[in-house]
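Given the sequences, and given the hints that come with them, work out the whole structure.
Letter by letter, the chains look like this.
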Amino acid sequence: MLGKLALAGIKNRRRDYLVLLAGLTMSAAIFYMFANLATNQAFIKANGAISSASAVFGFGAVLLILITVVYIMYANSFLLSMRQHDYGLFMMLGATRKRVGELVFLETLILGTVATAIGIALGLLMSKFLVGFLLNALGLHLSHLTAVYLPAIVATALLYVGLFILASLFNLVRLTRTTVLKLLHSDELANQPKVNPVRQLIQGVLGIVFLAIGYWAMAAITDLELTAIPLALVTITLGTYLLFRATILTIIRALRRTSWAKKRLNGFLLGQLNFRVHNYTRMLTIVSLLFAMALGAITVGSGYHRQLPLMAEKTGTYTIAVHDANAHEQKLIDQLDSAYTATYTQKRQGKTVYYNAAELKRQPVEQRAYTKTGMAKHVSRQSFSEFKKSGIKDLDFLSLALGKVGPYTPKILSAAQFKRQAGQTVTVTTVRVKHLAADLPTLKRLNRLETARFSQPAQMTVGNYQNFVLVLGIFGGLEFIGYFLGIAFLAMLASCLMFKILSGAPGDQRRYRMLYKVGVRHGLMRHGIAKEIGILFLIPGIMGIIDVLFGLQMFKPLMAAPMSPYQGIGWTFLIFIGLYAIYYLITLGLYWRIVLPKSTDA
Amino acid sequence: MTTNTVVSVSDLEKTYGKPNERQYTALKGLNFTVAAGEFVGIMGASGSGKTTLLNMLSTLDTPTKGNVVVNGHDVTQMRGNQLADFRAQEVGFIFQDFNLLESLTAEENIGLPLALKGTPSKVMDQAIHEVAETLSIADLLQKYPAELSGGQKQRVAAARAIVHHPAILMGDEPTGALDSTSARELLDLLTTINERQQMSVLLVTHDPFSASFCQRILFIKDGQIGSELRRGDQDRREFYQQVLNELGTFNE
Numbered sequence: 001m002l003g004k005l006a007l008a009g010i011k012n013r014r015r016d017y018l019v020l021l022a023g024l025t026m027s028a029a030i031f032y033m034f035a036n037l038a039t040n041q042a043f044i045k046a047n048g049a050i051s052s053a054s055a056v057f058g059f060g061a062v063l064l065i066l067i068t069v070v071y072i073m074y075a076n077s078f079l080l081s082m083r084q085h086d087y088g089l090f091m092m093l094g095a096t097r098k099r100v101g102e103l104v105f106l107e108t109l110i111l112g113t114v115a116t117a118i119g120i121a122l123g124l125l126m127s128k129f130l131v132g133f134l135l136n137a138l139g140l141h142l143s144h145l146t147a148v149y150l151p152a153i154v155a156t157a158l159l160y161v162g163l164f165i166l167a168s169l170f171n172l173v174r175l176t177r178t179t180v181l182k183l184l185h186s187d188e189l190a191n192q193p194k195v196n197p198v199r200q201l202i203q204g205v206l207g208i209v210f211l212a213i214g215y216w217a218m219a220a221i222t223d224l225e226l227t228a229i230p231l232a233l234v235t236i237t238l239g240t241y242l243l244f245r246a247t248i249l250t251i252i253r254a255l256r257r258t259s260w261a262k263k264r265l266n267g268f269l270l271g272q273l274n275f276r277v278h279n280y281t282r283m284l285t286i287v288s289l290l291f292a293m294a295l296g297a298i299t300v301g302s303g304y305h306r307q308l309p310l311m312a313e314k315t316g317t318y319t320i321a322v323h324d325a326n327a328h329e330q331k332l333i334d335q336l337d338s339a340y341t342a343t344y345t346q347k348r349q350g351k352t353v354y355y356n357a358a359e360l361k362r363q364p365v366e367q368r369a370y371t372k373t374g375m376a377k378h379v380s381r382q383s384f385s386e387f388k389k390s391g392i393k394d395l396d397f398l399s400l401a402l403g404k405v406g407p408y409t410p411k412i413l414s415a416a417q418f419k420r421q422a423g424q425t426v427t428v429t430t431v432r433v434k435h436l437a438a439d440l441p442t443l444k445r446l447n448r449l450e451t452a453r454f455s456q457p458a459q460m461t462v463g464n465y466q467n468f469v470l471v472l473g474i475f476g477g478l479e480f481i482g483y484f485l486g487i488a489f490l491a492m493l494a495s496c497l498m499f500k501i502l503s504g505a506p507g508d509q510r511r512y513r514m515l516y517k518v519g520v521r522h523g524l525m526r527h528g529i530a531k532e533i534g535i536l537f538l539i540p541g542i543m544g545i546i547d548v549l550f551g552l553q554m555f556k557p558l559m560a561a562p563m564s565p566y567q568g569i570g571w572t573f574l575i576f577i578g579l580y581a582i583y584y585l586i587t588l589g590l591y592w593r594i595v596l597p598k599s600t601d602a
Numbered sequence: 001m002t003t004n005t006v007v008s009v010s011d012l013e014k015t016y017g018k019p020n021e022r023q024y025t026a027l028k029g030l031n032f033t034v035a036a037g038e039f040v041g042i043m044g045a046s047g048s049g050k051t052t053l054l055n056m057l058s059t060l061d062t063p064t065k066g067n068v069v070v071n072g073h074d075v076t077q078m079r080g081n082q083l084a085d086f087r088a089q090e091v092g093f094i095f096q097d098f099n100l101l102e103s104l105t106a107e108e109n110i111g112l113p114l115a116l117k118g119t120p121s122k123v124m125d126q127a128i129h130e131v132a133e134t135l136s137i138a139d140l141l142q143k144y145p146a147e148l149s150g151g152q153k154q155r156v157a158a159a160r161a162i163v164h165h166p167a168i169l170m171g172d173e174p175t176g177a178l179d180s181t182s183a184r185e186l187l188d189l190l191t192t193i194n195e196r197q198q199m200s201v202l203l204v205t206h207d208p209f210s211a212s213f214c215q216r217i218l219f220i221k222d223g224q225i226g227s228e229l230r231r232g233d234q235d236r237r238e239f240y241q242q243v244l245n246e247l248g249t250f251n252e
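Protein chains in written order, with this note's numbering: chain A, 1 to 602; chain B, 1 to 252.
Treat the hints as calculated values from the structure; they're not laboratory data. Fair warning: this is a prediction, and the values are worked out from it, not measured in the lab. Treat the hints with caution; some may be incorrect.
Residues from chain B shown here face chain A by an in silico Cβ test under 8 Å; the list is partial [as the list claims (entries may be wrong)]:
| no. | residue |
| --- | --- |
| 1 | Pro19 |
| 2 | Met78 |
| 3 | Phe93 |
| 4 | Gln96 |
| 5 | Gly111 |
| 6 | Leu116 |
| 7 | Leu247 |
| 8 | Gly248 |
Derived CB-CB ranges, DEER-like [what the hints assert, rightly or not]:
| no. | chain 1 | residue 1 | chain 2 | residue 2 | range |
| --- | --- | --- | --- | --- | --- |
| 9 | A | Met92 | B | Gly72 | 47 to 53 Å |
| 10 | B | Ser149 | A | Val198 | 27 to 33 Å |
| 11 | B | Gly72 | A | Ile582 | 23 to 29 Å |
Using 30 Å as the maximum straight-line C-alpha spacing, the simulated DSS-like pairs for lysine-lysine come out as follows [said to hold, decoys possible]:
| no. | chain 1 | residue 1 | chain 2 | residue 2 |
| --- | --- | --- | --- | --- |
| 12 | B | Lys18 | A | Lys11 |
| 13 | B | Lys122 | A | Lys598 |
| 14 | A | Lys434 | A | Lys419 |
| 15 | A | Lys411 | B | Lys65 |
| 16 | A | Lys531 | B | Lys28 |
| 17 | B | Lys143 | A | Lys517 |
| 18 | A | Lys393 | B | Lys143 |
| 19 | A | Lys598 | B | Lys117 |
| 20 | A | Lys389 | B | Lys122 |
| 21 | A | Lys517 | B | Lys18 |
| 22 | A | Lys404 | A | Lys393 |
Cβ coordinates follow ideal geometry from the N, Cα and C atoms, glycine included.
In structure tokens, the structure reads:
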């Protein structure tokens, strides 16, 4: 009978349960995807450059576990707050504590198990499609990447079910120790946090010190090596938490004393934030960290995506060299946005390749200048006499005629001599494109045709496009991890924040009902809510951006010059903030629907 | 009796439920007026329609038929923001469950109607302190509702209801959640406000003691006005007896 009652209680609040279940499912799915990548040794081993990142994955997993624990704690307290009135009622009707305790235990566990099962299934699907989609979009290929990986399934199931057993036990103890009356009247009260100026000051100073240590640790990653990451994680978490506690409340208090607070709903907004921010400090800290990690990961990923072509196009002079271009290849070459195109006729005989001086004079071969430290500078064309002395020895030029054992030795002949020279005649067309990234698809097709026609000696690369393919193989894995983690963290962060804010909505329903009764306009209430939630989104957002700006230091060793983790981050930030804003709008829409009083129900 | 009417209700009807469902008519053609400066009580048993009536008067609900004119405004013709502004400016409310915002201090709660109007903060401070003196809650202004007793909360609520000098003060069982001492204090305060500021008061209650503070009582039964009592020159105790007698026979 009691079981039936409990089930009826759940039915009545199915929307809330759906939110809860969706959040938990999402979390389990993300964890599975992550575990799938982090624990799959075959995948890690097969992708050489990623193996250096497997430590990053390890820390990521630890972090994800911590976040999951906190997340389930929030979810559980939300569950309990939804149910305790019902449980109180059952006890008042004469149900024994033991019986109600069993119910609580079972309910929590069933919900958790269902969420875990759906989550793993969703995680499998997402691994299959999302990961494939990402790889396609980035033009990468990673071997040994499978969607179904048993150890990851086991790890996810164990962690989640284990956590839910703990949560059930916690609920059981909590419930059996609370009096029936308290359960019945558990309406959320806005407790007013006490402020102690000295303590605030100490917290603030400590917070800044911790943050400074964390930021320093990330910048000094070359010295600290892998200890930098856990050190930064701990200190930044602590620092953010303390800083939030110390400053936000003080600012709100100060604002409340101004006359601005006495205009319209401003006072109410500040009052709301006052108790909300205090309750949300931990949660805002976590969200700011997640925000930073998501943004950081995507920034690094897109940094590689954008900068690999930039780096590659500075490795030599021409982008691609095509030998004896046929009509199809010529058509593709014409499609390229070329900065400099030259065609030379070669005559190959023995170990020597002969060039026509007239052609070389008409179309000088380009050289790239380098600084003393080996940094690439501009491209220039030498005079013919200079070219005969130095340019002729450039690897780029030598590579235009590769034999089975190495490059042919070039010799320049006058036009008349060249005409008489015997040997196999080959024409070679070199193209330097303006932007490697823009012409990638055409270059890919050209390169495929070229390599199919002429088998090139292994390990030898011709042109910047080949260099690009080479570095993509090395750094592409990092690029992928960046995007993947970014998206995973963003989803996690969004569901965390949305969920926490929405779980405060029932309490707010009463408050907005009161405002409605005393004659506050609908529009004013909407604005008030938009501001309130906006600020809750803004605080971790700002903190997260600051974290990222410092945190990118960590990637300096990995993104050596000419790449830089900071180059072109504006767009990435903008897109990320746009996505974040979409989550804000969704949360706001849901909140409006839950909280705003309908004018018909009195 | 003054001739200015603050509230005028004519032919007021309220039916719940859609036409094709089982309908329930809570109010069946009510007619009455409240004069400026009058202290009127509305009594009736549970389910008699008194809360429905108050919701119509305060624009929280719309009537099916009839007119409600408050301080010259026909509230049945208002829409959206007009309704909100009407509630904010013309009506002061006291509810049984106080309806204080627990995230705000007493002072901020009281100041809310003025803040909504956009009153300058200096004027606002003065108005708050004046009303706080009147209701002797000046020393409670910095406290949060959670730190106040029921009686204190209701006095803060009363202060919020009158701080912007509304045309009428409406109370929905304001003493319902109070102990007898606090209830008496609040009723005395309402009487004082009514007398000193000439503010009209409309009190909905089922408690004869509360009702005995009124000058005139309307008894509602099954959605209609069953009878009416006037206090006239009587002492409050005598009027209390009269109310009790009326109730004794009214429900027969």
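A quick look at each hint next to the structure:
1. Pro19: Pro19/B check fails; min Cβ-Cβ to chain A is 16 Å, beyond 8 Å.
2. Met78: violated (11 Å)
3. Phe93: Holds - the Cβ of Phe93/B comes within 8 Å of chain A, reaching about 6 Å at its closest.
4. Gln96: Given a least distance of 12 Å, the restraint on Gln96/B is violated.
5. Gly111: holds (6 Å)
6. Leu116: Leu116/B check passes; min Cβ-Cβ to chain A is 6 Å, inside 8 Å.
7. Leu247: violated (27 Å)
8. Gly248: violated (32 Å)
9. Met92/A / Gly72/B: 47 to 53 Å: holds (50 Å)
10. Ser149/B / Val198/A: 27 to 33 Å: Holds, since Ser149/B and Val198/A (Cβ atoms, about 32 Å apart) stay within the stated range.
11. Gly72/B / Ile582/A: 23 to 29 Å: Given about 48 Å between the Cβ atoms, the range is violated.
12. Lys18/B / Lys11/A: holds (26 Å)
13. Lys122/B / Lys598/A: With a Cα-Cα distance of about 35 Å, the restraint between Lys122/B and Lys598/A is violated, given a limit of 30 Å.
14. Lys434/A / Lys419/A: violated (34 Å)
15. Lys411/A / Lys65/B: violated (106 Å)
16. Lys531/A / Lys28/B: violated (44 Å)
17. Lys143/B / Lys517/A: Roughly 23 Å separates the two Cα atoms, so the pair holds.
18. Lys393/A / Lys143/B: Answer violated: Lys393/A to Lys143/B is near 86 Å, above 30 Å.
19. Lys598/A / Lys117/B: Measuring from Cα to Cα gives roughly 23 Å; hence the hint holds.
20. Lys389/A / Lys122/B: violated (88 Å)
21. Lys517/A / Lys18/B: holds (25 Å)
22. Lys404/A / Lys393/A: Holds, at roughly 19 Å.
Hint check: violations occur at hints 1, 2, 4, 7, 8, 11, 13, 14, 15, 16, 18, 20; the rest are consistent with the structure.
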